[in-house]
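A.B. asks: Single-letter residue listing:
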Amino acid sequence: MSYELIGITVLWTFLYGYLIVASIDFGAGFFAFYARIKKKDHLINDLISRYLSPVWEVTNVFFVFFFVGIVGFFPATAYYYGTALLVPGSVAIILIAIRGSFYAFNNYGSRENTFYLFLYGATGLLIPASLSTALTISEGGFLDEVDGNVVFLAKELFTSPYSWSVVFLSIVSVLFISATFLTYYADRADDQQARKTLRQFALFWSMPTIVASLLVFMSLQMHNPQHYDKAVTDYWWMFGLSLVCFGFASWFIYIEKRYGTAFIMVMLQFFFAFFGYGASHLPYILYPYITLHENVTNETMAFALVVVFILGLLLLIPSLFLLMRLFLFDADYVKGKKK
Amino acid sequence: MELDGVMLSRLLTTMTLMFHIIFATVGVGIPIMIAIAEFIGIKRNDPYYLLLARRWARGYTITVAVGVVTGTAIGLQLSLLWPSFMEVAGQVIALPLFMETFAFFFEAIFLGIYLYTWDRFKGKWTHWLLTIPVMIGSSASALFITTVNAFMNTPQGFELKNGEMINIDPIAAMLNPATPSKVFHVVTTSYMTSAAILAAIAAFAILKGRGGEYEKKALRLTVACTFIFSILTAVAGDVSAKFLAEEQPEKLAAAEWHFETETEADLIFFGTINEETGEVENEIRVPKLLSFLAGNSFQTEVIGLNETPEDERPPLWIHYMFDTMVSIGMFVMAVTMLFVLIDRVKKWNAFNKPLLLAILASGPLSMVAIEAGWILAEVGRQPWILRGYMKVAEAATTSNSVGLTFAMFAVLYLVLGVMAVIVLIRMFKNSPAEAELEKRFPNRG
Chain A
3 MSYELIGITV LWTFLYGYLI VASIDFGAGF FAFYARIKKK DHLINDLISR
53 YLSPVWEVTN VFFVFFFVGI VGFFPATAYY YGTALLVPGS VAIILIAIRG
103 SFYAFNNYGS RENTFYLFLY GATGLLIPAS LSTALTISEG GFLDEVDGNV
153 VFLAKELFTS PYSWSVVFLS IVSVLFISAT FLTYYADRAD DQQARKTLRQ
203 FALFWSMPTI VASLLVFMSL QMHNPQHYDK AVTDYWWMFG LSLVCFGFAS
253 WFIYIEKRYG TAFIMVMLQF FFAFFGYGAS HLPYILYPYI TLHENVTNET
303 MAFALVVVFI LGLLLLIPSL FLLMRLFLFD ADYVKGKKK
Chain B
11 MELDGVMLSR LLTTMTLMFH IIFATVGVGI PIMIAIAEFI GIKRNDPYYL
61 LLARRWARGY TITVAVGVVT GTAIGLQLSL LWPSFMEVAG QVIALPLFME
111 TFAFFFEAIF LGIYLYTWDR FKGKWTHWLL TIPVMIGSSA SALFITTVNA
161 FMNTPQGFEL KNGEMINIDP IAAMLNPATP SKVFHVVTTS YMTSAAILAA
211 IAAFAILKGR GGEYEKKALR LTVACTFIFS ILTAVAGDVS AKFLAEEQPE
261 KLAAAEWHFE TETEADLIFF GTINEETGEV ENEIRVPKLL SFLAGNSFQT
311 EVIGLNETPE DERPPLWIHY MFDTMVSIGM FVMAVTMLFV LIDRVKKWNA
361 FNKPLLLAIL ASGPLSMVAI EAGWILAEVG RQPWILRGYM KVAEAATTSN
411 SVGLTFAMFA VLYLVLGVMA VIVLIRMFKN SPAEAELEKR FPNRG
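Protein chains in written order, with the working numbering: chain A, 3 to 341; chain B, 11 to 455.
So that you can see chain A by itself, here it is in the shape it has in the complex (with noise of 0.2 Å):
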């Protein structure tokens, strides 16, 4: 296997590891906040900060060590999307930091603070959407290159039928993944009246997000014929495995059976989609300007970086198990017994 589809697929994985991860964070700050106005929220809220509390960190450096990865493997994505994103991505910056300060601000200072509640919601929904630009951006079509300088052409970006059916899919697939998971999380607290209502939330919101797929399916078609083509005779296999696993996890939690099995599958339903449409977008990186194999970095430079890459993962995926195991897979924990 070549560097650069080392790279890729590493990067790509961190990637869909932070949509997962991400995707419980978002969801789950709207879910709290929407209990609290609906004056709900001694049912879920308590349980929703027991997970998230010792994780919020983490979830953001999947983010960090994703775009640190992209510059270190494919420097010239920084040149491009650098110019680029100025605006869309310093917005999601701000959200960013206003989330992740509030969040803290309100669990670890004052608690019970509607409008710190607030911010932490309304930002969950809005920064899936801001960061889901860098990928519409990717399919070309919005960037322009005059006299060597790079130019973002915002208003093609807001008018574009494609980029808006990926920030429904991105917002809707935040909720649905969210809300599957804390279904399981509350029924492993044994916790019935949360995973009463997490489980309407899963259901409520399965249905959006296989139209915003098909949406996304379709814009493209439009938008990108070139990738679309690819998508659908290379990759096939892999969208309808996608849909098997919805299929499944939508079953499951309907019948109120197997939330862990539902919450994986929900998992294998993104990575099937997610990577299917990663490899139909290859040799792009970002199209037509930056592919894979001739804007890798030098080979010295792409070697020390998978050689950190595994010396890290040694260290990193104990840690993380330990994590998981004291703050997903220890009952009493997740029953709010344990301090």
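Quick caveat, the hints were computed from the structure, so don't treat them as lab data. This one's a predicted model, so the numbers in the text were calculated from it and none came from an experiment. Careful, some of the hints might be misleading.
[Claimed, not checked] No farther apart than 27 Å at their CA atoms in a straight line, the calculated lysine-lysine pairs in the DSS-like style are these:
1. A/42 with A/198
2. A/40 with A/157
3. B/134 with A/337
4. B/439 with B/218
5. B/134 with B/218
6. A/337 with B/449
7. A/337 with B/132
8. A/337 with A/259
9. B/226 with B/401
[Unchecked claim] Reference excerpt, derived from the structure (chain A facing chain B, CB under 10 Å, subset only):
10. 64
11. 67
12. 75
13. 77
14. 79
15. 87
16. 89
17. 98
18. 100
19. 101
20. 295
21. 296
22. 299
23. 310
24. 322
25. 325
[Said to hold, decoys possible] Examples of chain B residues lying across from chain A (beta carbon under 10 Å, computed):
26. 86
27. 87
28. 103
29. 125
30. 130
31. 143
32. 333
33. 399
34. 403
35. 404
36. 407
37. 412
Built from N, CA and C at the ideal position, the CB exists for glycine as well.
Dock chain B against the given chain A, drawing on the hints supplied.
C.D. replies: Same frame as chain A, now just chain B:
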């Protein structure tokens, strides 16, 4: 000063870094203090120290949160504001950037565990052991990110041929000449500043009349730590000066208003300069000390600023930053030493008002010194972003929205700064130490 894209990009980066540094500094130092306090608490079975560790850890969560989000901001801003620089940096120094995120990852995981497992383990030491990965993670991320900054000062590990990088050696780029002194200085000053801030809090409580056992123990511990770290800081500062004299003479020369290359060079303290004539006035001049500082001998030849082409000289006002940093360092060291000495003599009272006031001042002043030191280090390599290779103006973004972005971030930092202070004050005001001690350790003594 023209407010073009380059200047605005510089201003925005400056603002983000100056804000981030406050939280990053305590982020590196406070874990050490928490670990020390918990260690003593377990070792002596003393609930006061255990409570100290707990309360510091609680406040730390707020500063960490702001540190994390502003750190994410600067990480992304590097690519957004300096795309051409990052394209180069990606070729040569992606390695330490990558390693830094691993260190950060490691710290984040164990900090989460540490904060939520106070009463979880049977053996008290098990929980204390968790401080080790947190300390390693936070100090290691300081180390790695500092190597990146060091690289920008003394780039090596690549060759530039027709605008292309060849013969890249990532390890050599990381271990460039500036790395040892910079890392040493950054880490020691972070420890010192964090300890000084915690000491200032304890001194403040005592000045406000809450001078119980808890506050006194806190003050003794933090002041002693500040003193030790300030000695290390001074050593690190000396190492840095020698490094500058050797590798980056124009920075030292501008900081010291030293124009002619000569042996037996004088050290200039304070003073003002007439930029037109290069005439220094009102200064305190210590004969031959600069030579000594540069190479441990009065005969050391110190290279003057006149050797550097005019368009490659850093601005002369960095001298004031140098003065600020050094005098604060000296002040903090003197105050903490005085406290430690007086406290050792039984019949003297170390907890007197003037001394407490001086300790109170040491905390914020140390942070001012950190900022001044970084301004000195960064402005001191102007006009380069990559010294000798790439000027700042060539690296900035060509986007015309930097002004808007600057305004958005200014508002963000204002809100975050104010909120962090309010939340921290409220957090401790609502739960006094004595009450918490009673609640948590009802059977003490």
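A.B. asks: The structure should be examined with respect to each hint, and the outcome stated for every one.
C.D. replies: Tested hints:
1. Under the criterion of a C-alpha separation no larger than 27 Å, the hint pairing residue 42 of chain A with residue 198 of chain A is consistent with the structure, at around 12 Å.
2. Using a Cα cut-off of 27 Å, the hinted pair residue 40 of chain A and residue 157 of chain A is violated, with the two alpha carbons roughly 38 Å apart.
3. As the CA atoms of residue 134 of chain B and residue 337 of chain A are separated by approximately 24 Å, the hinted pair is consistent with the 27 Å bound.
4. Pair hint residue 439 of chain B plus residue 218 of chain B holds up; C-alpha atoms about 13 Å apart against a cutoff of 27 Å.
5. With a C-alpha separation of about 34 Å, the suggested pairing of residue 134 of chain B with residue 218 of chain B is violated against the 27 Å cut-off.
6. Our distance criterion of 27 Å between C-alpha atoms is met by residue 337 of chain A and residue 449 of chain B, whose separation comes to about 24 Å.
7. Distance check on the hinted pair: residue 337 of chain A and residue 132 of chain B sit about 20 Å apart at the alpha-carbon level, within 27 Å; holds.
8. A distance of roughly 19 Å separates the Cα atoms of residue 337 of chain A and residue 259 of chain A; the hinted pair therefore holds under the 27 Å criterion.
9. Between the alpha carbons of residue 226 of chain B and residue 401 of chain B the distance comes to roughly 52 Å, so the proposed pair goes past 27 Å and is violated.
10. Checking residue 64 of chain A against chain B by beta carbon gives a least distance of about 8 Å; that is within 10 Å, so the hint holds.
11. A cut of 10 Å between beta carbons decides the hint on residue 67 of chain A: the least distance to chain B is about 5 Å, and the hint holds.
12. Annotation: residue 75 of chain A was flagged as interfacial toward chain B, and the flag holds, the nearest CB pair being 7 Å apart, inside 10 Å.
13. Among the interface hints, the one on residue 77 of chain A holds; its C-beta lies about 3 Å from the nearest C-beta in chain B, closer than the 10 Å criterion.
14. With 10 Å as the threshold, the beta carbon of residue 79 of chain A comes within range of chain B, its nearest partner Cβ sitting at about 8 Å, so the hint holds.
15. Of the supplied interface hints, the one on residue 87 of chain A holds, with its beta-carbon coming within about 6 Å of a beta-carbon of chain B, less than 10 Å.
16. For residue 89 of chain A, the shortest C-beta to C-beta distance to chain B is roughly 5 Å, which falls under 10 Å, so the interface hint holds.
17. This hint holds: residue 98 of chain A has a C-beta 6 Å from the nearest C-beta of chain B, less than the 10 Å allowed.
18. Given hint, residue 100 of chain A at the interface with chain B, holds; its Cβ is 7 Å from that chain's nearest Cβ, closer than 10 Å.
19. Taking 10 Å as the C-beta contact cut-off toward chain B, the hint placing residue 101 of chain A at the interface holds, the least distance being around 8 Å.
20. For residue 295 of chain A, the shortest C-beta to C-beta distance to chain B is roughly 16 Å, which exceeds 10 Å, and the interface hint is violated.
21. Here the hint on residue 296 of chain A is broken, as its CB sits about 14 Å from the closest CB of chain B, past 10 Å.
22. Against a cut-off of 10 Å between C-beta atoms, the interface hint on residue 299 of chain A holds, since the closest Cβ of chain B lies about 6 Å away.
23. Contact between residue 310 of chain A and chain B, as hinted, is supported at the beta carbon level, the nearest pair being about 6 Å apart and thus within 10 Å.
24. Interface restraint check for residue 322 of chain A: the shortest CB-CB distance to chain B comes to about 6 Å, inside 10 Å, so the restraint holds.
25. Proximity of residue 325 of chain A to chain B holds as hinted, the smallest CB-CB distance being about 5 Å (cut-off 10 Å).
26. Given hint, residue 86 of chain B at the interface with chain A, holds; its Cβ is 5 Å from that chain's nearest Cβ, closer than 10 Å.
27. The interface hint given for residue 87 of chain B holds, since its Cβ lies 7 Å from the closest Cβ of chain A, which is under the 10 Å cut-off.
28. The beta carbon of residue 103 of chain B is positioned within 10 Å of a beta carbon in chain A (closest approach about 9 Å), and the interface hint is therefore held.
29. For the restraint placing residue 125 of chain B at the interface with chain A, the shortest Cβ-Cβ distance is roughly 7 Å, inside the 10 Å limit, so the hint holds.
30. With 10 Å as the threshold, the beta carbon of residue 130 of chain B comes within range of chain A, its nearest partner Cβ sitting at about 6 Å, so the hint holds.
31. Satisfaction of the interface hint for residue 143 of chain B is found here, the shortest Cβ-Cβ separation to chain A being roughly 8 Å, below the 10 Å cut-off.
32. Checking residue 333 of chain B against chain A: minimum C-beta separation of about 34 Å lies over 10 Å; hint violated.
33. Annotation: residue 399 of chain B was flagged as interfacial toward chain A, and the flag is violated, the nearest CB pair being 15 Å apart, outside 10 Å.
34. Evaluation of the residue 403 of chain B hint against chain A yields a violated restraint, the C-beta minimum of about 15 Å exceeding 10 Å.
35. Using the Cβ-Cβ criterion of 10 Å, the hint placing residue 404 of chain B at the interface with chain A is not satisfied: the shortest such distance is roughly 13 Å.
36. At a threshold of 10 Å, the smallest CB-CB gap from residue 407 of chain B to chain A is about 6 Å, leaving the interface hint in force.
37. A hinted interface residue such as residue 412 of chain B counts as satisfied when its beta carbon comes closer than 10 Å to some beta carbon of chain A; here the least separation is about 7 Å, so the hint holds.
When the structure is compared with the earlier hints, violations turn up for hints 2, 5, 9, 20, 21, 32, 33, 34 and 35 and for no others.
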